[in-house]
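Protein chains: 8
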Amino acid sequence: GFAKVDNHRDLRNGFPEVIYCAGKTASEVEAIMTEMLKQDNNILATRASKELYQQVKKIAPTAVYYERARLIMIEKEVIAKTKSKLLVVSGGTSDLAVAEEAALTASALGIKVERLYDVGVAGIHRLLGNLDYLNEANVIITVAGMEGALASVVAGLVDKPVIAVPTSVGYGSNFGGLAALLTMLNSCASGIGVVNIDNGFGAAYLASTIILQLEKARKEG
Amino acid sequence: GFAKVDNHRDLRNGFPEVIYCAGKTASEVEAIMTEMLKQDNNILATRASKELYQQVKKIAPTAVYYERARLIMIEKEVIAKTKSKLLVVSGGTSDLAVAEEAALTASALGIKVERLYDVGVAGIHRLLGNLDYLNEANVIITVAGMEGALASVVAGLVDKPVIAVPTSVGYGSNFGGLAALLTMLNSCASGIGVVNIDNGFGAAYLASTIILQLEKARKEG
Amino acid sequence: GFAKVDNHRDLRNGFPEVIYCAGKTASEVEAIMTEMLKQDNNILATRASKELYQQVKKIAPTAVYYERARLIMIEKEVIAKTKSKLLVVSGGTSDLAVAEEAALTASALGIKVERLYDVGVAGIHRLLGNLDYLNEANVIITVAGMEGALASVVAGLVDKPVIAVPTSVGYGSNFGGLAALLTMLNSCASGIGVVNIDNGFGAAYLASTIILQLEKARKEG
Amino acid sequence: GFAKVDNHRDLRNGFPEVIYCAGKTASEVEAIMTEMLKQDNNILATRASKELYQQVKKIAPTAVYYERARLIMIEKEVIAKTKSKLLVVSGGTSDLAVAEEAALTASALGIKVERLYDVGVAGIHRLLGNLDYLNEANVIITVAGMEGALASVVAGLVDKPVIAVPTSVGYGSNFGGLAALLTMLNSCASGIGVVNIDNGFGAAYLASTIILQLEKARKEG
Amino acid sequence: GFAKVDNHRDLRNGFPEVIYCAGKTASEVEAIMTEMLKQDNNILATRASKELYQQVKKIAPTAVYYERARLIMIEKEVIAKTKSKLLVVSGGTSDLAVAEEAALTASALGIKVERLYDVGVAGIHRLLGNLDYLNEANVIITVAGMEGALASVVAGLVDKPVIAVPTSVGYGSNFGGLAALLTMLNSCASGIGVVNIDNGFGAAYLASTIILQLEKARKEG
Amino acid sequence: GFAKVDNHRDLRNGFPEVIYCAGKTASEVEAIMTEMLKQDNNILATRASKELYQQVKKIAPTAVYYERARLIMIEKEVIAKTKSKLLVVSGGTSDLAVAEEAALTASALGIKVERLYDVGVAGIHRLLGNLDYLNEANVIITVAGMEGALASVVAGLVDKPVIAVPTSVGYGSNFGGLAALLTMLNSCASGIGVVNIDNGFGAAYLASTIILQLEKARKEG
Amino acid sequence: GFAKVDNHRDLRNGFPEVIYCAGKTASEVEAIMTEMLKQDNNILATRASKELYQQVKKIAPTAVYYERARLIMIEKEVIAKTKSKLLVVSGGTSDLAVAEEAALTASALGIKVERLYDVGVAGIHRLLGNLDYLNEANVIITVAGMEGALASVVAGLVDKPVIAVPTSVGYGSNFGGLAALLTMLNSCASGIGVVNIDNGFGAAYLASTIILQLEKARKEG
Amino acid sequence: GFAKVDNHRDLRNGFPEVIYCAGKTASEVEAIMTEMLKQDNNILATRASKELYQQVKKIAPTAVYYERARLIMIEKEVIAKTKSKLLVVSGGTSDLAVAEEAALTASALGIKVERLYDVGVAGIHRLLGNLDYLNEANVIITVAGMEGALASVVAGLVDKPVIAVPTSVGYGSNFGGLAALLTMLNSCASGIGVVNIDNGFGAAYLASTIILQLEKARKEG
Ligand SMILES: Nc1ncnc2c1ncn2[C@@H]1O[C@H](COP(=O)(O)O)[C@@H](O)[C@H]1O
Ligand SMILES: Nc1ncnc2c1ncn2[C@@H]1O[C@H](COP(=O)(O)O)[C@@H](O)[C@H]1O
Ligand SMILES: Nc1ncnc2c1ncn2[C@@H]1O[C@H](COP(=O)(O)O)[C@@H](O)[C@H]1O
Ligand SMILES: Nc1ncnc2c1ncn2[C@@H]1O[C@H](COP(=O)(O)O)[C@@H](O)[C@H]1O
Ligand SMILES: [Mg+2]
Ligand SMILES: [Mg+2]
Ligand SMILES: [Mg+2]
Ligand SMILES: [Mg+2]
Ligand SMILES: [Mg+2]
Ligand SMILES: [Mg+2]
Ligand SMILES: [Mg+2]
Ligand SMILES: [Mg+2]
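Chains as they are written, first to last, in this note's numbering: chain A, 1 to 221; chain B, 1 to 221; chain C, 1 to 221; chain D, 1 to 221; chain E, 1 to 221; chain F, 1 to 221; chain G, 1 to 221; chain H, 1 to 221.
Note that these hints are calculated values from the structure, not bench results.
Do not take every clue at face value.
[Unchecked claim] Derived DMTMM-like pairs (lysine to aspartate or glutamate); straight-line CA-CA distance at most 25 Å:
{"no.": "1", "chain 1": "F", "residue 1": "Lys219", "chain 2": "H", "residue 2": "Glu215"}
{"no.": "2", "chain 1": "D", "residue 1": "Lys76", "chain 2": "D", "residue 2": "Glu51"}
{"no.": "3", "chain 1": "C", "residue 1": "Lys112", "chain 2": "B", "residue 2": "Glu220"}
{"no.": "4", "chain 1": "H", "residue 1": "Lys57", "chain 2": "H", "residue 2": "Glu67"}
{"no.": "5", "chain 1": "H", "residue 1": "Lys160", "chain 2": "F", "residue 2": "Asp159"}
{"no.": "6", "chain 1": "H", "residue 1": "Lys112", "chain 2": "F", "residue 2": "Glu215"}
{"no.": "7", "chain 1": "F", "residue 1": "Lys83", "chain 2": "H", "residue 2": "Asp159"}
{"no.": "8", "chain 1": "E", "residue 1": "Lys216", "chain 2": "D", "residue 2": "Glu114"}
{"no.": "9", "chain 1": "C", "residue 1": "Lys219", "chain 2": "B", "residue 2": "Glu220"}
Starting from the given sequences, assemble the full structure and let the hints guide the process.
Below is the structure:
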């Protein structure tokens with residue numbers, strides 16, 4: 001076939017196979033999934049439209065669709081959640097799609113996830129009134145559009161890995177998320193690792209590699 | 001001569017004539033200044049090098065030079081300070097040149113100026129511990145480089161005009177101040193008017209137009 | 001819920017709550033508004049489509065829709081207009097949506113607003129023949145697309161705060177409003193504070209912070 | 001040799017050969033000039049440093065150097081000036097280098113040239129008080145840096161070909177002349193032909209092609 | 001009303017009023033046109049959709065629509081064509097919309113127009129085999145997309161004013177016409193005046209200002 | 001007619017005429033094709049929609065449509081395949097449209113083509129396990145979106161001409177293929193010639209000019 | 001004083017105070033350092049020139065200078081190294097300055113650091129022959145200029161957090177590191193957190209936040 | 001040591017080792033060269049300053065320096081020139097540095113090289129009068145700055161692989177070679193492979209991979 005399914009991921013138990021649906025025809029996605037369904041792994045499809053989901057359901061009746069996050073999930077095996085905690089912080093309601101892509105992906109990867117939403121810096125008391133969330137997390141994902149200053153403020157408050165996801169929320173000189181991206185890359189607060197604009201998936205994946213190390217460290221001592 | 005000195009500014013009493021020195025030869029600046037010195041106005045020269053100052057001193061012995069801010073000032077007439085207050089807030093020591101250009105220009109324009117420096121968001125307690133400064137000002141200028149998030153946080157805390165000056169402090173994807181500029185233009189906190197990168201002068205000038213209105217309003221009631 | 005309604009604004013009496021509708025689903029807007037309607041504040045929703053308005057009307061029958069400006073307004077309390085005057089100047093008919101977003105938002109914020117439209121520099125006599133408007137205002141918003149030179153010309157004629165809104169009107173090397181934005185940031189006329197491309201709302205909000213100070217100054221003397 | 005001297009220009013009598021000196025070593029310029037000096041044409045060298053001029057003088061003792069415009073001229077034959085008039089208008093003193101490159105090049109091409117300098121839009125009365133200059137010209141070159149709004153205002157006042165030269169004068173979001181370039185390309189006033197940033201030479205050359213046509217038209221009727 | 005019809009153009013006899021339709025609602029265009037129809041000038045509407053034309057026809061039954069060029073023309077008075085000739089040269093069939101906008105606008109402005117289409121540099125023999133066209137013109141407009149090299153080649157062959165119109169034809173790193181725009185601005189061949197991407201109208205307008213001068217010169221001698 | 005069909009290509013036997021359909025109306029394509037069909041050459045139409053194909057079929061019943069690659073082919077004469085081999089390597093399934101445009105165009109140009117798809121660097125074992133493909137090819141086209149690192153890795157493994165096609169697959173800071181384009185231009189591995197984003201056609205054409213030389217060299221010795 | 005030394009970092013034992021020297025005058029750095037030296041913390045100064053070091057030595061005689069990395073270090077207290085390991089991987093010798101800034105900073109933060117240098121993808125066997133390094137690390141920093149493909153290849157080989165630092169090594173369309181930055185943000189391999197161009201310090205700081213969590217997890221179990 | 005000398009290139013007999021000197025200290029270059037000198041390969045160092053050469057000469061007395069091209073060459077073994085011919089075409093004298101980097105590198109790689117310089121499109125007769133050069137080459141490298149149209153014209157005249165090198169020659173909206181780069185990527189003439197701005201080395205290397213294939217094809221038949 002035209003696609004080579006990547007097997008190097010099953011080193012990690014229960015780690016799902018992932019399909020990026022954008023730019024693929026529905027029948028291409030179907031063909032790839034058919035191949036994957038022969039294995040026992042969970043499957044995650046990102047950037048999936050509702051139409052695609054309807055079609056996927058025919059070959060995978062247990063598939064679940066998360067509309068806001070545009071994710072399809074097929075869980076063959078329930079994964080126990082990690083002891084380490086991931087916190088997903090977001091600026092505004094308009095960032096919800098990306099924040100949920102991150103939170104749900106992380107959950108699918110077996111991570112314990114908390115959410116702290118709508119705490120953008122336009123009203124900083126909303127963040128300062130919730131410092132407990134920050135203190136209890138091991139890793140933090142900040143999701144913010146417009147100017148993306150939330151990442152700087154969060155990283156300035158903690159000494160933990162902060163993964164920053166700029167979103168394309170905004171208009172004009174926002175240039176499709178460029179403004180928030182540059183903010184996060186140039187933050188005067190250190191300790192921020194940035195992923196692509198709107199890449200909630202990638203942020204969750206990076207968080208999972210950190211938490212995988214944490215869980216190993218717990219065992220090893 | 002090659003230059004037409006602009007007289008429309010003397011409508012406002014004591015308002016200084018301003019020369020932008022970048023891209024002018026020393027003898028051109030001298031010629032313009034000679035022309036201006038025939039009037040009774042104060043004179044302000046921005047982006048002036050130390051060498052230029054040495055030469056200016058010969059024709060204007062009372063000229064004062066502010067090295068960090070690259071300003072030359074010739075005060076013919078002492079201007080009484082306004083009742084309304086301007087606060088200049090800056091992110092870090094590296095932004096000092098621009099912050100001082102703003103503060104000194106405003107002072108030269110007759111405005112009462114306060115400074116709150118080195119309160120960038122990397123350690124937000126430094127700003128939150130100084131809210132009194134914000135509360136007592138009528139107009140606030142925020143000067144910040146790198147990602148420029150300071151403007152958003154300040155504007156989120158007050159309901160006053162905030163003038164934001166991005167600086168070129170930073171490197172890499174900062175792109176000479178573009179990162180901070182876009183941050184300030186796309187702020188999720190409303191009430192911010194942005195000026196050009198490193199334009200401390202322009203910020204002070206805009207502040208002065210607001211405070212001119214305020215002083216008039218005080219008189220008119 | 002997913003949204004934290006921001007209460008720090010009711011410091012200022014009658015100041016409306018604001019919802020930015022772009023990137024929110026209709027049901028999310030509805031949920032936020034339902035929360036807000038429990039309070040006595042006026043409500044303003046920007047970037048609202050006609051479809052959204054139809055739905056909002058069901059829960060807020062007194063809501064008014066301004067189609068050109070894409071604004072929904074719910075006035076619970078009539079606000080007395082300020083003594084200070086705001087003038088909204090625009091370049092061409094194509095800039096009307098943004099100019100009206102600014103004028104109507106300012107009005108909703110309780111500001112006395114005048115309009116001077118279609119006075120772009122292609123025929124500068126239209127502006128020069130209306131200097132009275134400029135002279136009588138306390139604050140001026142200039143709205144212009146294409147090359148946005150209007151802001152420079154206006155700021156060159158007055159000694160008042162000029163808030164410049166670049167619009168995305170134009171094509172080709174206009175790059176979605178970038179041309180007008182850069183014009184306004186680099187103006188050879190001082191005294192201009194720039195907001196984001198098409199951000200009529202933000203310009204009005206900044207104007208309101210200035211006028212709020214003016215009204216206080218009138219009282220304080 | 002490494003360079004092929006271009007002869008197709010002598011169709012036009014007395015039209016000078018032109019060397020663009022940037023990026024050429026002094027000995028390369030010398031070699032090209034030696035070749036050209038065998039012909040009877042006038043010679044113009046643009047972007048020439050003072051050091052280069054010193055060296056050129058050795059092989060061409062009549063060479064004249066215009067420092068501000070960075071031009072070397074070698075006139076073998078005096079060209080009669082045209083009846084048609086070119087006006088060079090500039091915004092500020094900092095634009096002088098480019099304005100003079102244009103004016104002196106045009107002169108070298110045999111064109112009658114007038115200058116109207118330092119009439120930028122920050123004080124528009126300086127331009128409006130000199131409309132006679134605009135009315136008497138056949139072609140106008142506008143030279144302006146910063147936001148370059150001068151071109152729009154001039155083109156809005158006349159029905160003549162306006163050649164616009166953006167300059168790199170400015171800083172920050174000026175991006176080396178990009179701001180003025182975009183302004184001129186997006187002008188709401190029609191009738192503007194734009195050349196490259198700082199390209200005074202090119203503007204004069206384009207003006208000369210127009211005036212060449214005008215002189216022919218005068219003869220043909 | 002919201003629009004101020006610009007009368008300064010009737011200095012030139014028969015010169016049409018021009019409406020830029022993009023970003024205006026149909027009823028706004030209608031209102032402006034109704035105002036214009038009270039005068040005796042011809043009317044030209046650019047960037048007009050077919051739907052808009054249907055509506056315009058109701059108030060101006062003699063209006064003609066040029067679909068490829070998206071122009072509506074209302075000729076009240078037939079204008080005699082000029083003696084001077086304009087040549088419109090284009091690179092490929094995909095540039096036809098812009099080339100026709102230029103050619104038809106120039107025609108509406110009373111100019112004698114020739115066309116030489118589909119002579120892009122990919123097959124340079126097509127241009128070299130048609131040098132007569134170039135030789136007989138007084139002014140040349142070159143319309144080209146993709147890399148826009150046509151303008152350089154044409155300007156290298158003639159000593160006439162060349163107006164270059166980059167088009168947005170192309171894809172990828174063409175960036176909506178930016179590639180062709182930069183080509184034209186940086187041409188190694190001198191004598192090119194550049195207008196905005198896809199601005200066939202502006203090119204024709206600039207050509208008309210040159211030809212207006214030519215016609216005057218013919219009369220004056 | 002408006003289009004000048006380019007005949008200089010029939011120097012090479014059986015080489016197809018090529019039409020770029022984007023930006024042409026269906027009737028324009030039809031007119032050009034009608035002209036071409038009078039000759040004996042094969043015809044290739046790129047960027048063709050299914051609708052266009054339906055219409056083309058009416059005048060050229062033997063036309064074949066490749067939907068994924070958006071190509072129409074009319075083969076009048078079967079061309080023997082070359083001895084030299086072209087390998088088309090692609091990163092992911094989302095790049096299929098561009099990879100197939102390249103592979104099918106090359107085939108239509110008479111070249112022997114192999115495909116190695118879905119071997120992106122996210123799982124580099126997929127490429128390393130297929131080195132035979134690389135070793136047996138004379139020329140390699142690499143097609144990759146997102147960050148386009150595949151081109152560097154391939155060029156680092158072979159000493160053959162590598163033609164790199166960035167695709168617009170991706171989102172956010174991918175900026176429509178810019179990320180992959182810059183990667184390919186700045187590759188630390190030498191021996192890469194880059195074509196425009198998504199330009200599978202151009203890559204195949206360049207490959208064909210190389211292979212044409214190879215076939216000649218085989219004959220000449 | 002003008003600077004507010006930030007104390008919130010001493011939560012973490014032995015964690016050094018950090019000064020960013022770019023854009024500060026030597027006497028400003030000295031003043032800040034004098035303040036810091038009153039505490040018991042280690043001190044790290046980044047982007048420090050040799051001249052600055054000479055001056056610092058006078059007030060801090062134990063200061064050590066790392067020329068290639070432009071770092072000054074003042075160790076008051078020796079910090080025990082962590083059990084968790086950081087690997088710094090770099091593409092070429094030209095990236096050494098940034099790689100060493102990362103490695104030395106991490107060391108100063110108490111982290112056990114390994115180096116794997118000069119393994120860029122132009123000769124991928126150099127990386128593939130050293131997989132042990134990758135397997136034994138807990139966190140990996142990849143430093144690469146030009147096209148920066150190294151980050152993708154590394155992240156494709158491991159399931160660990162990869163921190164990617166683009167460098168400004170390169171020229172032309174590299175645009176000062178933009179090419180490598182975009183590569184890293186758009187990587188088809190997941191699990192990459194990106195920091196600013198040339199920001200070796202920031203990468204090390206982020207790594208330290210991860211390893212701080214790891215060390216805690218080892219203790220907690 | 002810090003550098004891993006890459007041996008995979010000696011597959012090709014006599015092929016030189018290459019060092020990119022930019023961003024390396026002199027002692028780093030020396031260390032790498034010392035390592036290389038232990039082998040029998042020829043050595044090529046690009047982007048080398050004269051100062052570096054002086055130092056290299058001490059350890060490699062036979063090293064030759066080409067100043068214009070900034071190349072150091074150490075030939076241990078004379079390589080026979082290929083039968084296939086490479087033509088290097090350049091636009092103007094200012095492009096000489098890059099053209100010579102290409103020509104000399106190709107020569108060092110054992111390729112027979114011809115030069116056709118100073119034939120830019122501003123005077124296209126210079127190119128058209130030298131078609132023999134184009135006809136006799138197997139591969140063509142075109143080197144051009146400013147707008148870079150030369151590549152399109154050459155590729156439109158031949159059916160051979162054309163490698164295009166944009167140079168940074170120019171100013172203003174040339175943006176350091178971006179204008180020529182985009183021109184070459186968007187050429188309406190097919191068959192062009194583009195390398196990085198000023199990358200004469202890379203163009204020669206790519207040409208050598210093609211000619212290596214040609215020489216093999218001659219032998220294989
Ligand atoms: N059109 C607009 N452009 C920019 N900011 C806006 C706009 N409308 C509302 N806002 C701001 O966005 C905030 C609300 O954002 P949200 O909580 O996402 O609805 C308001 O408090 C305003 O400050
Ligand atoms: N300052 C300038 N800017 C743009 N083009 C120029 C300039 N000076 C000369 N030229 C053009 O460059 C050509 C000479 O280029 P060259 O053969 O490289 O010396 C002349 O024929 C002019 O058309
Ligand atoms: N296609 C066009 N591109 C650029 N400018 C145009 C175009 N069509 C008309 N204009 C200019 O826009 C002006 C009308 O603008 P408006 O008043 O907004 O309709 C006219 O006077 C023309 O100078
Ligand atoms: N997809 C494509 N991308 C770039 N160039 C193309 C493409 N398809 C065809 N061309 C070129 O465009 C020329 C035809 O252009 P046109 O005459 O406008 O149809 C052909 O000769 C090809 O060289
Ligand atoms: Mg932190
Ligand atoms: Mg506020
Ligand atoms: Mg003013
Ligand atoms: Mg005009
Ligand atoms: Mg010419
Ligand atoms: Mg290779
Ligand atoms: Mg990985
Ligand atoms: Mg060709």
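Ascending list of hint numbers which this structure does not respect: none
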